[in-house]
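Student: For reference, the chains in residue letters:
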Amino acid sequence: MSRQVRHLLGTVAVIAALLILPRVIQERYFLHVVVMAGIYSIMTMSWNLLAGYSGQLNLGHAAFFGIGAYTSALVAMKLGVSPWFGLLGGGVIAGFFGFLLGFPSLRLSGPYLAITTIGFAEILRLVAVNWVDLTRGSLGLSGIPLLTPIRVGGLKLEFYFERDYYYVVLAAVLFTYFCMRRFTDSEFGVSLQALRDDEQGAQSIGIHTSQYKLAVFTLSAFFAGIAGGLFAHFARLVSPDTMSLHVTFDTLTMTMIGGLGTTAGPILGAVLLSLLSEWLRTLEDFFKMDIRLVLYGILLILTIRFMHGGLVGVFQGLKERFSGYGRTRNGGADHG
Amino acid sequence: MAEILKIENLTKYFGGLCAVDDVSFSLAENVITGLIGPNGAGKTTLINMISGAIPPSHGRILFNGADVSGRKAYAVNNRGIARTFQVVRIFSKLTALENVLAGLVDRRQKGPWSLAFASLVRGVAKGSYNPENRRAAERLLDLVGIGGYRDELAGNLPYALTKRLEIARALATRPKVLLLDEPSSGLNPAELVDQIALIREIRKQGITILIIEHVMKVIMDISERLIVIHYGKKIADGKPEAVYTDPNVVEAYLGGESHAAR
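Listed in order, the protein sequences are those of chains A and B.
For what it's worth, our numbering labels the leading residue of the first sequence as -18, then goes sequentially.
For what it's worth, our numbering labels the leading residue of the second sequence as 90, then goes sequentially.
With the rest of the complex left out, here is chain B (with noise of 0.2 Å):
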């Protein structure tokens, strides 16, 4: 199976803590992928790297076999990297079709200039956004199952619901790869089965996932391949039952003798 995203000696020192050390993996296409560890190992930060919300200090992303570590976050994005956030970051004061039709906008070709120029000389007869974009936008909030909101404004949708908006919002820059921060935080049972079914219809649709999850019966019940950090390192990488059972997973976990001595 081809590679699509490969992570070379990926590092990221904050001032002289290192909270990402020397990680290398490489995601292949079209496969699910977990990415675990205990609280402050330096997931978020691995995932920040690669979309380029934050520069790494060391160390290569390879996206399709082009180079786009420390490139920003839209350019990353444009090139079909999309991703969510552990902390939701909607836009709250725009209508969750809005967001969608936010992502919807073919960016690589369209600038400010072009879109202010075109929102002037459009049509009278037209409406608001571009018809083909609209209906695109209802599609995918069908997907994540909030098509009924539509028109409500996203700061007004209850937590569980906003996760799903980000999600939606995301595929709608068509990215190749989308990378997902804990998306099932916060959610119940019921919704947690509906979670795990969109993220593998999301698959179907030939999007490589890469996501950062702490529940448990989400992960290994998706992931194909489970990648293990801790305190910045890469400690396992494989099946999920095999990873499950590392030695090195466990002591990572549940402390090892030193530290239940204390």
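If we strip away everything but chain A, and leave its shape as in the complex, we get (with noise of 0.2 Å):
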């Protein structure tokens, strides 16, 4: 079997074997649970295009994710838009200021973007906790229309239900995806690289670095704003602690814990951690508090330490071991 046909099959596997899950596992506190470790890999995918690809540490990823949610709710409440369009109208609005977010990358670097995404985000939290006429403030906005069913021929297909919502966000998700590899394996990624490894020698080979810049933050922001969408209309609340930088140093632990930069590591970090802090839950009794920060901290500082390239980096690194030579792409890069 050549190795295009196997990467096929396994492909299709992985997918089909995503199509039954609901089916096979029904509870549907589980598939809650699976309905937001995709929506944060959204978060994951769209922050790591950002940060591990282009070397911008944006750490007010969560404004993204609260403008997205607010508009999509938004819309659908008080104009009475389809969740549908609302969703991408989130990620768009989100996309916009995105762009705006891009200016201050342009001058300012590393500690002190990192300072200014965190202002950033934490302006547009205390716009949502005080323009309470339009927010309801720190009470938030509930009552959330679910998402309106779809015609497809003579099938009418509903939202109620956490397995309805899950082949949404599971598409949502394989789409992210798809654009995600698509940018980053390319001419677009390659020169969203060099400017992340050298910015003075992009430019000496004609990279225009500010535009490439401005245009990475708005791709990533409209992704993250789908995913607040998209977490509007399942859960169906949203408050100011959508955009707190819990959300985004969520995002950030769990991409840096998957492999930042490399494509696969942000769904596996969502993924684990997701399942891992609901497990965790079941302990807090037993300690008397919130475990799950303390071990986020732990792992992050583990990962930090000793695996840049994360999880993947790691198993990359063993492929690699036990197969002799292997490229060297995206391995667990110890000389970063």
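Mixed in with the good hints, there may be bad ones.
[Said to hold, decoys possible] Derived CB-CB ranges, DEER-like:
(1) R224(B) to F303(A): 26 to 34 Å
(2) R224(B) to P92(A): 52 to 60 Å
(3) G134(A) to W202(B): 31 to 39 Å
(4) T263(A) to L209(B): 37 to 45 Å
(5) T100(B) to L281(A): 49 to 57 Å
(6) V339(B) to F80(A): 27 to 35 Å
Source of the hints: derived by calculation from the structure; they are not laboratory data.
We put the CB at the ideal spot given by N, CA and C, even for glycine.
The task is to assemble the complex, starting from two chains supplied on their own in separate frames and drawing on the hints.
Tutor: Below is the structure:
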């Protein structure tokens, strides 16, 4: 079997398994966790495009999530727009804010950019808290409509249960993954990585780094906005907490542990940590504290100290060890 | 011979320090010009200004008659001036091949949005990169003699090879003028021979070269013209043999009587 055929079969098998999962495990609570893991996967993938591939340390990613969530919820509640268009609208508005947040990145980098982006998210969170007429402040928006049914030929698809949302989110995750694969594995992606590795070097070969930064901030924010919109119509409750720093840090931790700057890492991290944190919830009574955050912190430190490539890097390292020589791309980059 | 690059009264101040002081010269098309001078003479500053990395304080840079002074580095490169760096600036987490591929993208035509869009709609059967570009990148790596390392991460390459990778990457942007900032530093004698052959080969392809070099063997071997700067000023300009024996140059390098007396 050629490599391509094997690759195709593998992809088909994974997608088939994902499609039948809700038929095999029907427990609603479990599916709820999986849907949230999917929404977080879109967050981690979009953050990874910025931080992992373009080297722009954005610590305000939660703002895009919140903008997507609020936009999608508000246009559905106040204007009666179909949530499906609301989702897209949330992505577009988030993308616009991403474009705006791109401007500081033209002058700032590293910790300075990080602080600016934290400030950006915090300002938007405070707007959401204080603009009570529109957002109901800290109470948040509740009673956000469900996704409206779709008719495909004679078939009517309705969205009531976790199972139904599972398929919507799965489609969104696969779409995001497809886009990220294409973005990163192309001339566009090479240009982003060039600017990440050496900005002056990138300019010396004709890369208009400012334009690339604005573009990547916009694209990344668009996907985060979509994730926020999905969350709004799934959880049906959006509060200013969606823009708080801990959402960004969950995203960051998941991405780092999965593998920053790899394509599979963000999904792997989001799914594993989502499942892990639900399991840890059962231990909360025993420890009498939120053990989740403690463990996240420890895992993050261990990742940064011992495995720069995250879990994906570890797997690749093992694969190379057993196959003798492998491509060194995205390997457990211990030289970083 | 046609002048491809003309430098007029180029001056750069860093605060009160005059790093480059009223330097003028022009490069004849398809000639290798050497640029030498003691440490701190302002050679790299000069190249930084020509390539757009820093703006000049005064003076003009004319490329094919068009004023490019003060333009940003990417714009200068898009017009046809490429450079390498004294301390390499390769993309360490990309493979050697990808480093060159990044240079091959036609950036005069395609910005980030069109590249991003193109990546989404390209045919599934097509590989990651335009196969034509891929072959061109492989040829460039072969040309600089590191074809065997194409899939190695650039950050894992030994220093001498990263210098060559930088040359391949600069060539990938299809320049008319190539500015080389100490391409031979840190090379052993055998590597120097290869380096000289490589630079000659690049010239054969019709590229005009301005080269900063401390290794005299290289510079005397390949330069058809030599410019010497000292304390930011041009002190000699001409045939290498004539410049080499010029009393001003000897004084700059070995120190004049006033220095010797100290």
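Student: With reference to the structure, classify each hint as holding or not holding.
Tutor: For each hint, the structure was consulted:
no., hint, in the structure
1, R224(B) to F303(A): 26 to 34 Å, "holds (32 Å)"
2, R224(B) to P92(A): 52 to 60 Å, "violated (42 Å)"
3, G134(A) to W202(B): 31 to 39 Å, "holds (36 Å)"
4, T263(A) to L209(B): 37 to 45 Å, "holds (42 Å)"
5, T100(B) to L281(A): 49 to 57 Å, "holds (51 Å)"
6, V339(B) to F80(A): 27 to 35 Å, "violated (59 Å)"
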